[in-house]
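Going line by line, the protein sequences match chains A and B. All residue numbers for the first sequence refer to my numbering, where the first residue is 114 and numbers rise by one. All residue numbers for the second sequence refer to my numbering, where the first residue is 114 and numbers rise by one.
Don't read these hints as lab results, they were simulated from the structure. Take these hints with a grain of salt, some might be off.
Said to hold, decoys possible - Lysine to any residue pairs mimicking SDA-like chemistry, simulated, CA-CA at most 25 Å apart:
(1) K133(B) x E406(A)
(2) K419(B) x D130(A)
(3) K339(B) x I218(A)
(4) K265(B) x K295(A)
(5) K265(B) x I399(A)
(6) K326(A) x E292(A)
(7) K295(A) x V444(A)
(8) K233(B) x V127(B)
(9) K320(B) x K339(A)
(10) K265(B) x P425(A)
(11) K320(A) x E405(B)
(12) K339(A) x K339(B)
(13) K265(B) x F423(A)
(14) K295(B) x H421(A)
(15) K326(A) x E400(B)
(16) K339(B) x K320(A)
What the hints assert, rightly or not - Stretch by stretch, here's where chain B covers chain A in the computed footprint (C-beta under 8 Å, at least three residues):
(17) 174-181
(18) 238-251
(19) 326-339
(20) 448-456
Cβ coordinates follow ideal geometry from the N, Cα and C atoms, glycine included.
Protein chains: 2
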Amino acid sequence: MIKPVYLTEDDTIVMLDQRKLPLEEVWLKINTPEKVAEAIKTLTVRGAPAIGIAAAYGFYIGVKNLTDASRRKLEDRCRYLTNLLGSTRPTAVNLFWALKRMNRIVEEDTVSPVIKLIKKLRAEALRIHEEDIEACLSMASFGSRLIPKGVKILTHCNAGAIATGGYGTALGIVRKVHEEGKVEMVWVDETRPLLQGARLTAWELEKEGIPYKVICDNMAGYLMAKGMVDVVVVGADRITSRGDVANKIGTYTLAVLAKHHNIPLIVAAPTSTFDLSLESGDSIPIEERKEEEVLNFAGMRTTPPKAHAFNPAFDVTPAELIDYIVTEKGVIERPLCQNINKLLKDAD
Amino acid sequence: MIKPVYLTEDDTIVMLDQRKLPLEEVWLKINTPEKVAEAIKTLTVRGAPAIGIAAAYGFYIGVKNLTDASRRKLEDRCRYLTNLLGSTRPTAVNLFWALKRMNRIVEEDTVSPVIKLIKKLRAEALRIHEEDIEACLSMASFGSRLIPKGVKILTHCNAGAIATGGYGTALGIVRKVHEEGKVEMVWVDETRPLLQGARLTAWELEKEGIPYKVICDNMAGYLMAKGMVDVVVVGADRITSRGDVANKIGTYTLAVLAKHHNIPLIVAAPTSTFDLSLESGDSIPIEERKEEEVLNFAGMRTTPPKAHAFNPAFDVTPAELIDYIVTEKGVIERPLCQNINKLLKDAD
């Protein structure tokens, strides 16, 4: 299983440089939380669950040398790290969720010595990672039951192994459906501006021998009109209590198209992606990235010298356009709002 | 006024190499019909009306040396040229329309000597070009009346001066609306895979000082949901008798989005774009171009070595999703089918 980030026995973070794929497979060794923050900002590691895991590891390596420090010093350091890692990217909630889990270890144990807390933080980061992989496998299992034999799936961006702890959310379902011999074709939206579909999803599907073709984002409607898409499966960066979903820019367009063509839209995300503090998707902060990502391509200018661009990295799909949210705890069907509360609150 | 192709006094075709824009402005001199055919195929010249004009000029320079030939030889040559130029690109009907007009000159005059017919063919090619510019100005005038002050327009691909004889269809309307001081923002879909929006539309708008920003194609839905788009204006490559419109891939997706958001969709096209021999858009041949256009970017591979792609160059928007078709003869409102017949047949 490809894991885009992991912690070695001797506490080094190893990370796949996703900016270099598919042309080069470069693994980086990272030893400071500042470099982890930088890696998240620059999309060296990306994908909501993978960001959460990277942040947890970054948090741990940020405290691991405090074995002789006071509890107060550890708490100060936790605040610093939460701020450092939490200010990298605003939209995916898994990042904040992971940081909260790490902080809770210290907050809830006022008895243990610092050296013990550090050990517990290491274990928590590893647990966050393991749980995410288990969640992916569970989602794949639940999700594949929704999908018939001979299916033509459209996916957007990369919600694969390298966007998670391993295996993937949306692509985890695709993997499982392929293992069951049910995939006829995976249409891979290239996903401008950074081409996570063309570069990363294609790379994962190629490795696994799953049949796929890359399309430009603007071709999805044509394929749907021609009956070439049976189901749309995507990941998520944040899901509100009513079921509004923030995900990679372009997801909303696909959702409108899917609804128009009566094609089911499946969102796959672990429960760590839910932000029950928000009801409406309008409240989700949408990251705007540099204009240059749109104006240039691989360092080459493609637009006039003075051109400007608008570059929102995510959009919000309202619950009304979503048919299923697949989580590790089960499938949430419509009405999403009601069933989200049932599944998540009952499980708590 | 920028004309992307024109005929000099001494019968050379001068053509803007649109593949090199916006980084370089290269003007080519072309002296054979074979090179015109090649230029159309390679998108050196593109845009439905501009292709028609280029083909007419190509036709003329293909016959101009036959001054001493027999009528039979001229007719043979006309068949050769019709086949040569007509087999370049299948979707835009203006190409076939222009070739038909050229052929008709010979067919309808069985009296004049060949040398006179050649002169008439030269005049016809120039007339096709002049009429197209007049049509653009007329469309701009009709179209601008549909558009209110402070408007935020979304456009796709390039339906500008360089896609026509000059001035443009969809961008002709934008130009006029800008002259009237009514444009707040033009959102330019970059239009993958060949980036006609980012490269060509941005280049035209930059030259004219019209406010614009480039977006990735998958961002259009987000902008509409945020109330940042008041109207969508696009060109067309072929329009059927019921009002189905073939245009650059991605137009259909925009049309579905516009309908979902209750935003009017305006198609601007001269009557030469209508193909009344077809009723349904399903009958329009859709050009599929090389996979490499999707898999590579500016000669750089962006996908895994063995990746495949699907690359339809156009899609069809059914009449039901279109609010207005602006022609040089007036605005066609809904129901399009009925009003197309009225406008085109009455005018004939």
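Hey, K295(B) versus H421(A), does the alpha-carbon distance stay inside 25 Å?
-> 20 Å, holds
Holds or violated: are the alpha carbons of K133(B) and E406(A) at most 25 Å from each other?
-> 21 Å, holds
Given pair status - P425(A), K265(B), alpha carbons within 25 Å | 18 Å, holds
Quickly compare the C-alpha distance for K326(A) and E292(A) to 25 Å and report which way the hint goes.
-> 18 Å, holds
Within 25 Å, alpha carbon to alpha carbon, are K295(A) and V444(A)?
-> 20 Å, holds
Check whether three or more residues of the region 448-456 of chain A sit with their beta carbon closer than 8 Å to a beta carbon of chain B.
-> violated (count 0)
Are K326(A) and E400(B) close enough, with their CA atoms no more than 25 Å apart?
-> Given pair K326(A), E400(B) holds - Cα atoms ~18 Å apart, limit 25 Å.
Straight-line Cα separation of K320(B) and K339(A) no greater than 25 Å?
-> 39 Å, violated
Given the proposed pairing of K419(B) with D130(A), does the C-alpha separation stay at or below 25 Å?
-> With a Cα-Cα distance of about 21 Å, the restraint between K419(B) and D130(A) holds, given a limit of 25 Å.
Mind checking, does the region 326-339 of chain A have 3 or more residues with a CB under 8 Å from chain B?
-> holds (count 12)
Is the straight-line distance between the alpha-carbon of K339(B) and that of K320(A) 25 Å or less?
-> Since the Cα atoms of K339(B) and K320(A) sit roughly 39 Å apart, the hinted pair is violated (cutoff 25 Å).
Is K265(B) within 25 Å of K295(A), Cα to Cα?
-> 45 Å, violated
Figure legend: structure checked against the earlier numbered hints; hints not met, in rising order: 3, 4, 9, 12, 16, 17, 18, 20.
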